[in-house]
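**Q** Residues per chain are reported as follows:
Number of protein chains: 2
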Amino acid sequence: MPNDTTTLPRILAFDVFGTVVDWHGSIVREVDALGLGVDAVVFARDWRAGYKPAMARVMSGELGWMRIDALHRIILEEVLSKHGVTSLDDTAKDDLNRAWHRLDPWPDTVAALTRLKTRFMLCTLSNGNIGLLADMAKRAGLPWDCVLSAEVFHKYKPDPGTYLGVADVFDAAPNDVMLVAAHQSDLDAARDCGLRCAYIERIDEFGADAPKDISGDARNNFHARDLADLADQLNC
Amino acid sequence: MPNDTTTLPRILAFDVFGTVVDWHGSIVREVDALGLGVDAVVFARDWRAGYKPAMARVMSGELGWMRIDALHRIILEEVLSKHGVTSLDDTAKDDLNRAWHRLDPWPDTVAALTRLKTRFMLCTLSNGNIGLLADMAKRAGLPWDCVLSAEVFHKYKPDPGTYLGVADVFDAAPNDVMLVAAHQSDLDAARDCGLRCAYIERIDEFGADAPKDISGDARNNFHARDLADLADQLNC
Chain F
1 MPNDTTTLPR
11 ILAFDVFGTV
21 VDWHGSIVRE
31 VDALGLGVDA
41 VVFARDWRAG
51 YKPAMARVMS
61 GELGWMRIDA
71 LHRIILEEVL
81 SKHGVTSLDD
91 TAKDDLNRAW
101 HRLDPWPDTV
111 AALTRLKTRF
121 MLCTLSNGNI
131 GLLADMAKRA
141 GLPWDCVLSA
151 EVFHKYKPDP
161 GTYLGVADVF
171 DAAPNDVMLV
181 AAHQSDLDAA
191 RDCGLRCAYI
201 ERIDEFGADA
211 PKDISGDARN
221 NFHARDLADL
231 ADQLNC
Chain H
1 MPNDTTTLPR
11 ILAFDVFGTV
21 VDWHGSIVRE
31 VDALGLGVDA
41 VVFARDWRAG
51 YKPAMARVMS
61 GELGWMRIDA
71 LHRIILEEVL
81 SKHGVTSLDD
91 TAKDDLNRAW
101 HRLDPWPDTV
111 AALTRLKTRF
121 MLCTLSNGNI
131 GLLADMAKRA
141 GLPWDCVLSA
151 EVFHKYKPDP
161 GTYLGVADVF
171 DAAPNDVMLV
181 AAHQSDLDAA
191 RDCGLRCAYI
201 ERIDEFGADA
211 PKDISGDARN
221 NFHARDLADL
231 ADQLNC
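Protein chains in written order, with the UniProt record's numbering: chain F, 1 to 236; chain H, 1 to 236.
Don't take every hint at face value.
Under the rule of at most 30 Å between Cα atoms (straight-line distance), these lysine-lysine pairs were calculated in the DSSO-like manner [stated by the list, open to error]:
1) H:Lys155 x H:Lys138
2) H:Lys117 x H:Lys212
3) H:Lys138 x F:Lys117
4) H:Lys82 x H:Lys117
5) F:Lys138 x H:Lys212
6) H:Lys93 x F:Lys117
7) H:Lys155 x F:Lys155
8) H:Lys212 x H:Lys155
9) F:Lys117 x F:Lys93
10) H:Lys93 x H:Lys117
11) H:Lys155 x H:Lys93
12) F:Lys138 x F:Lys155
13) H:Lys138 x H:Lys52
14) H:Lys52 x F:Lys117
15) F:Lys93 x H:Lys138
16) F:Lys138 x H:Lys117
17) H:Lys155 x H:Lys52
18) F:Lys117 x F:Lys212
19) F:Lys138 x H:Lys138
20) F:Lys155 x H:Lys138
21) F:Lys82 x F:Lys117
These are computed hints drawn from the structure, not numbers from a lab. These numbers come from a predicted model, not from an experiment.
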């Protein structure tokens, strides 16, 4: 039953890109700083849009296991080419690729996670690799109890092995884990595995000029405007 | 050159049992609290002594991959039998087994890690499983940036894949990682992989009545009385 807080999960597993950090605004900031003469808003969306097809190539077996860092680097070449950028050498491209390690949290994130940490085990469940997530957390002050990643399971979300992998790591039943995510498809896959689901709106994930559908789904256990609202609803 | 701090590694990887937490004192405390009528000091040492042979059975392929939680549980049966304990049911044994999730830090640990965290990426590199390490960190307030474990690599220390695995996770050269450990054999294996080494004395690891050899090795990059001393030497 949605919003039944009489029993609560022990573990909150967080999607990261879009849910915890503002990838779009952060990539726009980094691209703008380079003065490449491109439309940074479109550039950021193009880079992100290459992500799901690249993961699909890994999961289909076409590519062997590769980290998101490596996938981002492949996509970056395509996006630079599309936008006509020829001025970056490999060192500069590698540094730009690590922009994904330097994503800024949403304004509510750090304080809300700090509140949630007092009652729950907080872990990431991101397709980002471990080193990326650890660098990001250290820079942004994200107080994770544990950094879990597709890299631990060698499977990308929405593979069931990722959601069930979190429960297994903590020797917990699936419904003792709640996925917190701004993407309904991620939550739907988690629910199919028996996890609980908390939807976070993040209407500006793709930029203020491109508000996204934030209707969520009535089957989610929680629907929150942001992580501070989730902390309120969970009485933290 | 030992104590050359002109170049420092980016990542400190910590052995945990004995180096960061007092497994012996903590297990004695838990066993004493159960009133089993056993010599808790010997019981704790016997439980720990079963650990290396059990890991060797996993690494030889005799057992498939198993977490330390499962190995501890197998060893516990043997130790209970040796000490003539027949009063515990499975639930009580499972709870006692989770004593390894509830190990207390050494008195200097939390403050020293907090200092070290200001300059270095801090991760665990323990044969303990991820859930065990995350539970321990949450209870004890250990401020890891990242929880890494044999479980991530499906290899136990001293397998080279664990030490090189840490460097790989952070896309770092081996000498950009320093293992911090109270066990010279662990450090020797790490050095063979190109990691730097910091030895921590922990003379009372096996109890105050059984002081251990703390001579270390001149090839260690640092030799510290405890983690506070290491933080001093690293100018944190």
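**Q** None of the hints should be skipped; say for each whether it holds.
**A** Verification of the supplied hints:
1. H:Lys155 x H:Lys138: 25 Å, holds
2. H:Lys117 x H:Lys212: 29 Å, holds
3. H:Lys138 x F:Lys117: Judged against 30 Å, a Cα distance of about 9 Å means the pair holds.
4. H:Lys82 x H:Lys117: Measuring from Cα to Cα gives roughly 43 Å; hence the hint is violated.
5. F:Lys138 x H:Lys212: Status violated; Cα separation ~36 Å.
6. H:Lys93 x F:Lys117: OK: H:Lys93 and F:Lys117 at ~29 Å, within 30 Å.
7. H:Lys155 x F:Lys155: 19 Å, holds
8. H:Lys212 x H:Lys155: 27 Å, holds
9. F:Lys117 x F:Lys93: 36 Å, violated
10. H:Lys93 x H:Lys117: 36 Å, violated
11. H:Lys155 x H:Lys93: Judged against 30 Å, a Cα distance of about 26 Å means the pair holds.
12. F:Lys138 x F:Lys155: 25 Å, holds
13. H:Lys138 x H:Lys52: 26 Å, holds
14. H:Lys52 x F:Lys117: The given pair, whose Cα atoms are some 34 Å apart, is violated under the 30 Å limit.
15. F:Lys93 x H:Lys138: 38 Å, violated
16. F:Lys138 x H:Lys117: Distance of about 9 Å is within 30 Å: holds.
17. H:Lys155 x H:Lys52: 13 Å, holds
18. F:Lys117 x F:Lys212: Judged against 30 Å, a Cα distance of about 29 Å means the pair holds.
19. F:Lys138 x H:Lys138: Holds, because 17 Å separates the two Cα atoms, which is no more than 30 Å.
20. F:Lys155 x H:Lys138: OK: F:Lys155 and H:Lys138 at ~27 Å, within 30 Å.
21. F:Lys82 x F:Lys117: Measuring from Cα to Cα gives roughly 43 Å; hence the hint is violated.
Checked against the numbered hints given earlier, the structure breaks hints 4, 5, 9, 10, 14, 15, 21 and satisfies all the rest.
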